[in-house]
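Protein sequence lines, in the order shown, are assigned to chains B and R.
Residues in the first sequence are numbered from 1 upward in steps of one, following UniProt numbering.
Residues in the second sequence are numbered from 1 upward in steps of one, following UniProt numbering.
Fair warning: there could be bad hints in the mix.
What the hints assert, rightly or not - Derived lysine-lysine pairs resembling DSBU-like cross-links, with alpha carbons at most 30 Å apart:
#  : chain 1 : residue 1 : chain 2 : residue 2
1  : B       : K245      : B       : K327
2  : R       : K117      : R       : K177
3  : B       : K160      : B       : K245
4  : R       : K111      : R       : K75
5  : R       : K234      : R       : K343
6  : R       : K140      : B       : K327
7  : B       : K327      : B       : K141
8  : R       : K343      : B       : K247
9  : B       : K245      : R       : K117
10 : R       : K75       : R       : K221
11 : R       : K125      : R       : K140
12 : R       : K221      : R       : K343
13 : B       : K327      : B       : K247
14 : R       : K111      : B       : K245
15 : R       : K140      : R       : K177
16 : B       : K247      : R       : K140
17 : B       : K160      : B       : K247
18 : B       : K268      : B       : K141
19 : R       : K221      : B       : K245
20 : B       : K247      : R       : K221
21 : R       : K140      : R       : K111
22 : B       : K268      : B       : K327
23 : B       : K245      : R       : K177
24 : B       : K247      : R       : K234
25 : B       : K160      : B       : K327
Source of the hints: derived by calculation from the structure; they are not laboratory data.
Each chain, written out:
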Amino acid sequence: MEQLLLAFGSMALGVGACVLYFWGSNRLLDLALPPRSRNAADNIRRANMIRPWLFLGPAVIILSAYLVYPVFNSIYLSFHGRSGDVYVGLDNYRWLFADAGFRESIFNNLLWLVVVPSASTFFGLIAAALTDRISWGNIAKSLIFMPMAISFVGASVIWKFIYDVRAADVEQIGLLNAIVVFFGGEPQAWIALPFWNNFFLMIILIWIQTGFAMVILSAALRGIPEETVEAAVLDGANPFQIFMKIKVPQIWGTIAVVWTTITILVLKVFDIVLAMTNGQWGTQVLANFMFDWMFRGLDFGRSATIALVIMALVVPIMIWNIREAQKDG
Amino acid sequence: MTSRQSVAVAGEEIRLENVVKAYGDSRAVDDISVTLPAGAFTVLLGPSGCGKSTTLRMIAGLEEVTSGAITIGGKDITGLNAARRNISMVFQSYALFPHLSVAENITFGLKVRRVAKAEREDRLKTVADLLGLPLLLDRKPSQLSGGQQQRVALGRAIIAEKPVCLMDEPLSNLDAKLRHEMRVEIRALQQQLGFTMVYVTHDQVEAITMADQVVLLNGGKIEQVANPRALYEKPATAFAARFIGSPPMNIIPSTSLPLLGENAPDVLFGLRPEALELRSEGPVRGRVRTIEYLGADTLVACDVGGTDVLARLPSGRSVAAGDALSFGFAPDTLHIFDQTSGKRRDDLITQIGLQVQSS
Ligand SMILES: Nc1ncnc2c1ncn2[C@@H]1O[C@H](COP(=O)(O)OP(=O)(O)OP(=O)(O)O)[C@@H](O)[C@H]1O
Ligand SMILES: [Mg+2]
Numbered sequence: 001m002e003q004l005l006l007a008f009g010s011m012a013l014g015v016g017a018c019v020l021y022f023w024g025s026n027r028l029l030d031l032a033l034p035p036r037s038r039n040a041a042d043n044i045r046r047a048n049m050i051r052p053w054l055f056l057g058p059a060v061i062i063l064s065a066y067l068v069y070p071v072f073n074s075i076y077l078s079f080h081g082r083s084g085d086v087y088v089g090l091d092n093y094r095w096l097f098a099d100a101g102f103r104e105s106i107f108n109n110l111l112w113l114v115v116v117p118s119a120s121t122f123f124g125l126i127a128a129a130l131t132d133r134i135s136w137g138n139i140a141k142s143l144i145f146m147p148m149a150i151s152f153v154g155a156s157v158i159w160k161f162i163y164d165v166r167a168a169d170v171e172q173i174g175l176l177n178a179i180v181v182f183f184g185g186e187p188q189a190w191i192a193l194p195f196w197n198n199f200f201l202m203i204i205l206i207w208i209q210t211g212f213a214m215v216i217l218s219a220a221l222r223g224i225p226e227e228t229v230e231a232a233v234l235d236g237a238n239p240f241q242i243f244m245k246i247k248v249p250q251i252w253g254t255i256a257v258v259w260t261t262i263t264i265l266v267l268k269v270f271d272i273v274l275a276m277t278n279g280q281w282g283t284q285v286l287a288n289f290m291f292d293w294m295f296r297g298l299d300f301g302r303s304a305t306i307a308l309v310i311m312a313l314v315v316p317i318m319i320w321n322i323r324e325a326q327k328d329g
Numbered sequence: 001m002t003s004r005q006s007v008a009v010a011g012e013e014i015r016l017e018n019v020v021k022a023y024g025d026s027r028a029v030d031d032i033s034v035t036l037p038a039g040a041f042t043v044l045l046g047p048s049g050c051g052k053s054t055t056l057r058m059i060a061g062l063e064e065v066t067s068g069a070i071t072i073g074g075k076d077i078t079g080l081n082a083a084r085r086n087i088s089m090v091f092q093s094y095a096l097f098p099h100l101s102v103a104e105n106i107t108f109g110l111k112v113r114r115v116a117k118a119e120r121e122d123r124l125k126t127v128a129d130l131l132g133l134p135l136l137l138d139r140k141p142s143q144l145s146g147g148q149q150q151r152v153a154l155g156r157a158i159i160a161e162k163p164v165c166l167m168d169e170p171l172s173n174l175d176a177k178l179r180h181e182m183r184v185e186i187r188a189l190q191q192q193l194g195f196t197m198v199y200v201t202h203d204q205v206e207a208i209t210m211a212d213q214v215v216l217l218n219g220g221k222i223e224q225v226a227n228p229r230a231l232y233e234k235p236a237t238a239f240a241a242r243f244i245g246s247p248p249m250n251i252i253p254s255t256s257l258p259l260l261g262e263n264a265p266d267v268l269f270g271l272r273p274e275a276l277e278l279r280s281e282g283p284v285r286g287r288v289r290t291i292e293y294l295g296a297d298t299l300v301a302c303d304v305g306g307t308d309v310l311a312r313l314p315s316g317r318s319v320a321a322g323d324a325l326s327f328g329f330a331p332d333t334l335h336i337f338d339q340t341s342g343k344r345r346d347d348l349i350t351q352i353g354l355q356v357q358s359s
């Protein structure tokens, strides 16, 4: 009861403080630069220059505290030892580039990067194109979109059952092994199968992201002027040509945005690997690698260095993505 | 490889036989039968929603026919898909492919039909010269003005050298001056190349100036099929009479204007504003309600027995609201339509003509 009161109290206080801040600062500005009197025009112009900063101020400050400060702190930490107090120069970086675990992570991340965004976008595009043409398309769409609503860890749990393996003489409860056994094969420990296990993990993310790609691309496909399609039909183009030469080029911007959005997600992929293999059997990725050094290795310096590598990879794609999205609108 | 000097196609005849297009219970096109002669410029004319676009799209194969048959060049193409009907089409929005250059837009159809590159280039050059496009070939559609986009759309239609070309209000997005120029140009192009043109518009001026034959539609039905002159001079129905000409023809019920004497049937009289001339003791009498000064002449709206009647008078004559005026007209400018069916009643003309002249 007391807690509830406290919660409501602090909520009211917070909202009140916000109102007070926005209203009060606005009022102060009006008092300082009254929009009347001789230099009204000048005052209004100056006030209008200051006002956005006044209103954006709190958000900018809070965002800086949560986003910008950690960046600088990570940079600082990356030059320091495991508890962040001894300056070690470039030692962390030297260690990183020599470390086998890091190389494995980079390689796997690249693998994810090549496969997942293209596969998700590709399947999403196919799904969008096909579901628009069939009568039960909306049901199919909901089914394909459904995985988006599942958390990565939840999805991993589901797929753990699919990849599950039991001793050869016991009945297989894993779907994949059950099928393999049914056709007379040997049950496999899929997620421990070096190299290929990476792809088994990727399938999970593709399964989730195809729905996202489909929804965005389907909206884009519907935005294509019907008359350009009809003109192509009359010109004698077949459905495949119409799709490849008329529709896809017209939604190219959207495809690029979907692709890069998934790319960024893939660079940060973590939960699936943690839940499925925890980076064992050659499935390590950067984010999980960082997590390992932070919370298991308890090494601030090294984990900060890994974090910076991830950031360096994400930022350029992010900038390009934002540019492309703005061009689209 | 010989260079081609011109594009020329033999047009083909299009016939619609009892064509119906139904959307649920309502019929957008209601039992239309008409022949569009080979190599002629036929305009489908009518008010908004009368089924012009639907008819055109059925000919194109973009819309299915509910019942009836369509033949092109004597071949039944009712069930044939659009790509195989041997037609080209210009859309109201031009429907240019935004990601392709002007040249690629124009040759897209040839490319998907696997016409050899050398011939493609050759035909592109001919068409570009014909339409004044050579300097724009590398641009994207977004870098063109509306008029230039229109030309590209025309180019895309004529490069295919199809015997039939369909156009759905192709000029409606252009300004008045450009519209006039393009009107002349499209007409010239069609005559030069010789294909059968089916042209949709709701603008009667466009129809009158461009067409060899006008198909006037109303509510999904045909009102009249005629050449522009016949349409203007002998409208088959009261609707056709009012649709052609600006300002529209006056339609005056015989109750307001008893020209036929006491026990004649109820009819509608049609008189164009320019056919009315001031004449003392003329048969059409009314009081001036409003005056619209147009420069060379003046439009005067009079109340004739409860019906508004417009007259176009030379501006020299000054009239004021409230004046009582009487008009006469030459007997051959009078049109008579049946009260109920709206059909033309030429059989009554002679009878009246005599009366009018004697009065
Ligand atoms: N898909 C459709 N479903 C139901 N009714 C339709 C459909 N398409 C057209 N119609 C109806 O058919 C009629 C004719 O439409 P159409 O587009 O042919 O008119 P139009 O003569 O081209 O008119 P406009 O000059 O405005 O283009 C209209 O009443 C319209 O509401
Ligand atoms: Mg239309």
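Requested in this report: Taking the numbered hints from earlier one at a time, note which ones the structure violates and give those numbers from smallest to largest.
Outcome: 2, 3, 8, 17, 19, 20, 23, 24, 25
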